[in-house]
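For the protein sequence lines, the chains are A and B, in the order given. The opening position of the first sequence corresponds to residue 4 in my numbering, with each subsequent residue numbered one higher. The opening position of the second sequence corresponds to residue 70 in my numbering, with each subsequent residue numbered one higher.
For the record, the hints were derived by calculation from the structure and aren't laboratory data. Treat the hints with care, as some may be off.
[What the hints assert, rightly or not] Coverage of chain A stretches by chain B, computed from C-beta distances (three or more under 8 Å per stretch; other residues unrestricted):
{"#": "1", "region": "145–154"}
{"#": "2", "region": "171–180"}
{"#": "3", "region": "187–195"}
Even glycine gets a Cβ: it sits at the ideal position worked out from N, Cα and C.
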Amino acid sequence: MLLTLSWTLPLAGAILLALVGNADGRKDAMIRWVALAASLVAFAVTLLIWVRFDPASAEFQFVERVPWIPAFGIDYYIGIDGISLLLVVLTGFLTPIALLSSWEGVEKKVKEFSIFILLLEAAMIGVFVSLDLFLFYVFWDAMLIPMYFLIGIWGYDQRIYAAVKFMLYTMAGSVLMLIAILGLAFMHQEATGSYSFDLLRLYTLEIAPETQRWFFLAFAVAFAIKVPLFPFHTWLPDAHVQAPTAGSIILAGVLLKMGTYGLVRFAFPLFPLAAHEFAPWIALLAVIGIVYGALVAMVQPDMKKLVAYSSVSHLGFVVLGICAMNIQGMQGAVYQMLAHGISTGGLFLIVGMLSDRRHTRLISEFGGLRHVMPRLTAAFLIITLASIGMPALNGFVGEFLTMLGAYLWDPRFVVVAGLGVILSAVYMLTMFQKVYLGEVSNPKNAALQDLQPREWASVLPLCAMAILMGVLPSIFLAPMEPAVRKVVERMESARPLVAEASPQAVPAAALPAVDAAPAAAAVAAAAVVQGQ
Amino acid sequence: MFSPELDAIVPMLCVTLAALASMGAEAFRGERERLPIGGLGIVGLTGAAVSSVLLWNRSASGFGVIQADNFGLFVTLTLVAVGILTILFSAPVLERNGIPSGEYYSLVLFSIVGMMMMATASDLLVIFVALEILSLSVYVLTAIRRDNAAGTEAAFKYFLLGAFSSAFFLYGIAFTYGVSGSTKLSAVGAYLSAQALSSNPLILVAMALLLVGFAFKISAVPFHMWTPDAYEGAPAVVTGFMSTGVKAAAFAAFARVFLSAFEPFKADWAPVVAVIAALTMILGTVVGVAQTNLKRMLAYSSIAHGGYLLVGLVAANDVGKAAILFYLLAYSVTNLAAFGAIALLGARDRANDELRDYAGLWHTHPALAALVTVCLLSLGGLPPTAGFIGKWYIFSAAVSSGYYWLAIVGVLTSVVSVFFYLRVVVMMYMSERGSAEVPPRVAGIGMAALALSIIAIVYLGVLPTQVLNVAAASISTIF
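Next comes chain B alone, as it looks inside the complex (with noise of 0.2 Å):
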């Protein structure tokens, strides 16, 4: 299209002219002029995506910090996927709670773009710079509500712990630069794999702090204890976006790191990330099952779905990497979906997301609860849901590697998430109405990026087979 070097970086373009437009489109707007800036954002995500599919299999390089091949352009494009239904979704909660659009559109777009440069970035510095962009984004998105207290109380815990992690992220560049001497993976995996039978104690330092600051991003135990607090104090379809975007990029970027240049220390790694990886699942879920509050319960479900996407991780054989892809995909959709739903059925005073409010949901709304009830089914891994093919495939990645305990584990744990899922469609289908006011009418824009992503959801879980092959190509061409 353009010079080669700008090739790869069209689909960040994109979307960082749609976010400027966004913010031009306040600016200018008239007093009770009322502009579909949503409208903007899905254009530019619609170039992005239409950028990526051109991309495909060329493996474009940009300014050499860029790497546009197909595992990038995979999590690109469930990115989009992501920016795209937070936007369906937000358009009625924006409106029913008086936030502005112009600023909440273009930090979504802002980040997004933060998301998609950190999938894509082959240079640890960028990644730190594409960190920071989304970071900053959504700790503002996490406080968009201004005057809730919750809101601002949680973006400020979210903000110290994640400068904090931030730190130790700078801190494993420094040291990874210190021994290897460039910041490039490339390079720094082509000394590695050269130093592989040396145990410099440094470069495990190293290892370690990177380790530290992914494991924050993607809220791992131990690193997890900002996550049920922001997720909770946040707009519940924020939560949404921030639960599977950031998790997105924090695990390709993740993937790329430990699965390239650090690969050769694979044998340092891999036992501390597989016992994060159980710690994680079984932390989500067992505390999972003592909330009352459905945003802080898929709070915890988040965490637990970050311990199966680590033991892709962890088995790291071409299943595993592909596994990942394809989880990141099913679970970005049905969790933003979930909350989604949370955010429909919010109030302008209240937000009804305590699990009471649901009691007796089918008999007002049964179209959503029905829909929602897929949604949980596919987050508790339950056949035929995409969340049940992403877990087969991040098991079966697992059992192949020879890690039984790990796939043990999480089934197991997967068994008692299922407990808290149900928990949902208990008060949903078998109980009487409770007193919550829910409206009586959702947004019709909304339960249609609902219904899209059930439609996702269940295509996902019954024909699998082609997003399957496009996320194992996606792997065979790099690492």
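Excised from the complex, chain A in its bound form (with noise of 0.2 Å):
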């Protein structure tokens, strides 16, 4: 029942505010305390969820499941493991700061904008606790109706060209997703006799590895656009920069997570003979986007899109700890899924209160902030350095473990993205330097306010976590780890099989049946085996 609330306590906030008659605008402050309400609400169910969750379980916890459409096989079935525990507290930490965040840079229809965010909030949720492919797929979809509508009407000038081409992009992807969701519902149906989108009966599939590949492409497809991948970032400075901060901060906080979120749960899992076969290419690709994205960061004279491409940057790295298919590399991934979070989620923020006092987000506009505003520096300062993977913040140990994963796996890898934590040192200060460091050169800005206690509010959780994520990763490392474990191991029991077949120099499109047969059974009863 608590993991139904998380979900459906937002979207009774954004139903009860869509009642709520606030044509004048008079009700605004009311409309913001109620939303703010309830994502509070929701985030200490959250945290009620986390300590009630049993740490050493690698099983998934707090399982519902009612029929819903019995004909196929579909159950609303929810439940979650260590590594879907961890971003969902995220989402419901990071909702309150994003209202936060539009507390004063949001005028127009506050009501409508309160109720998109809340109900984001619920299908984000709903994403990372369904176990039904398909209660997954409606979720994934329905999440991007308020966001388009977030980037569209509250964005800044390239608005619309913005949501447009996140909306199309994102769905691009993700049908093909359905037509795999579907592939696979009707192969279980061939195997057993009846469709089932139930994730746990699917793994246990036999599938050929021609079909396989097929389908692993399908998926990761939609999650590379997702993530992003290099070369499908191509949306995702639009939609950072027209975003108003709020969409902005759920956006790289959250949504980014539901890619990569995606390969550990679906995508690798699902398709192990496939994920082997292509986890170097895609690895590939993460390390070209860690350098693609820290230079083109380098040369950003807005801000915003700065902060954009160094997502793409900072997401290689998950990437490579997922592909890693290590206990270091995975574990490193989703922790530096929260850290990124946490840490891009904070600039988008503070950049956010730049623009909302200037105006603009011209880094050449600034300079010499320190001496304006030295709160806002200071907290500026933690959450740079948390994100260039600074030593005691939570930068470093996501980095760090992905960085040792795919070292373990091959070396070759690290060496580039190293290169990646070198340049994200070199944007990251090299605009600090110039927005806070110097003297104040623009007089503009000679009479800015320094923090209130609202943004106080919303930039001090931050920082605590930045903090505490660098210095006390074992919070978060203990509950993650069984289920990390888990897929790993899952992953490993189809390695050999592929290290056996590549001598042969054939593809594997071309193993006789007979091979492919033992494989699949292995795979499957590897995870019976785990079931149990």
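Got two chains here, separate frames each, mind docking them using the hints?
Encoded structure:
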């Protein structure tokens, strides 16, 4: 019940707000408080889930299952393990901050804005808790609608272009995944006589290597667009730059994680043979993204765009860690997802504050802000260092683990990825220097206000989390470990077979069916063992 | 209720009586007297709905040519929904534009009778008669605004091409009769399954001609040319009516003829229909992107939706047949609501159906804009709406029959279609108020109809189980 509550509470808040008449904007203040309260209650629920979560278990917990469309074996089937738990908590954590960030930035249509943010939160949590592929797809697609409106109505001048591009890119990727989902359900029907969209049952399905390859690609492309993996990233700078601050925080903080979460939860474990085959290529794209994103970020005149490209770079580490398919890499990847959510969310938040004050985001417009707004500068410094991967802050743990994992797998990738770490220090510190250090070069900046109490309320939790995650990573690593180990074991069980197959120097398509059958059987057997 | 023969046609009788009553009411109406003629239609349609429910599972057969099986009754119920929504949307439009309501409603009701007959007919000749009943009524409805040049032109084009397609259809019946010696679907089916291995070219000719006839009615590519003009020229509410009702009836007959009588020759027609389906989806969406008139855009979108329905027909497994029924219901409610909204926003002298007329609608009509958005999202197939479940159902039918390529064409075209549905949303929500003079208040009854449709769309999108089960049960009794 608790898990259902975590996504229905924001939904209920949205419906409640929809019933309030606010044509003249007189109830704006009340609406802001109601929305904030709804999101805080939802956050409290996610924390309660964490408290009651058994960190030693790799199984899905808080499982709820109600038949939804029985004729097709579709259930309302939700549950969380250590991986999704932390992402749900992250969603619950960032939504109130996003609402706080728009307290003054959003002036028009406050009611609708709050409704869309709450709907978005409901859909995002829904994505992370779904264990039924159909349900997952419903949340996955439904999430696009509020985000589209948030960018399109409350964004900056190019907002419509960015909103439509965001929507079409994401949909184009996800519809092919829908076909693959249908194909899986159908294959389950051929094998057992009944349709099923149950993720855990589909894990045990025997899928021929050739089919795995196609289905894996359909899933991977959908997630790669969301991550976004180079070269599918072109929607991201537009969406980020045009979105309102709250939209950017959620987009960077949670939405991008859905892509990497999808790889960990669906694409890799469902199609382990294909995953092993494609992992080096995906890792290659990830590494290209790390360097490319960093290089492009270096030359951005716009702070928001700089942070957006830095996301491309940072998420490359996550994907690299996933591709390594060992404990260190996967754990690092999940940790990096959380860390990036906190630090990039914080960067967008503070850039949004500057943009609210000056109505520009160009680096050249600022300079010497240290003298005018010392508190904001301090907060920005913490978040910047966290983003760079400074030890004792959150970014370090994630990047270190992913690179360790990748090193154990294939050191060549790490050599290039390491370049990304250095470059991230270059572009982030350059921006920090130009904006905050030196003398106040622009007279317009001389009288800017420092952090207000409301802004404190949104910045402080982020800074605290950045430090906490850097100093005590085990709080977060411990609950996810069993779940990560389970995914890795599942992937490992398929690895030797690939190694055996590759010396034959023929594509797996040419493998005789006799060879493929034991492979799939072994995968199924391993999954059954883990299931017990 | 009555004799067993009559039972099967009771739904049609109810609607026919309502149509006759509307004609009579109009004839005896006083000069200034206002009669709730639309109400008569709703009474008749409700009667049809009740009798359909009572006939459920009885598979009543009337005079050997009407088969009131669950498949036909499901479509009949869909048509009742179409009829009731049409009447609700029409009421304010008729008043605004001074269209004589007696004529209008009786034509709508007569065409619904034709549609119901088409959906339940089990004899090719009766299908033809039904087709003519509905077509003639719809031609007149297209030109109901006699002083409107565009409407008259649209009706003329529609009539010429419609007559042309009727001729094809009739030829097809003639050839079928020539080959099999009967026009009854059961007899044709029995004959053909005995001949399944022979390749009599006349059978193929008959099949091709019938296919062309149906393709015209469901506006499948390349027989879609009349659609955009007819849809744009007709009053919006009539367009909504014919883009849903006619399509539902034609698809019901199409499925019945090709999935029962011509089932043995599926290997011959399925590839052709598959190609037609793909072309229809692609053309409908690609050309739809270029439209600036909302009605014309929705015309192309409804062509594309015909393509999705054809995918269900090609898949032709149990899932596909049930998917056709569910999709028809979902599409009918959604599309009718979309056209209804256009009709509500029209003014007496201005149709307000250009895309730019919708600029900033959100600011003046927030509720209407929200309802239209739900319709458009459903047409685009986004969850949690009826359109999503419908598309998902159709594509799962295609995938389980191994038509992966059709499913891929389908999902990719629906992404493209989302682009043009979003253009309307962009206009309504993200653009500044335009100069169009939209009526400050839209009629309450129209808003009620729209809200009703939206409730149905969301219900079908979130809790589709019940309707899905009914649809699945409907096809298990036949074929």
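Quiz item: Checked against the structure, which of the hints given earlier come out wrong?
Solution: Per hint list: zero violations.
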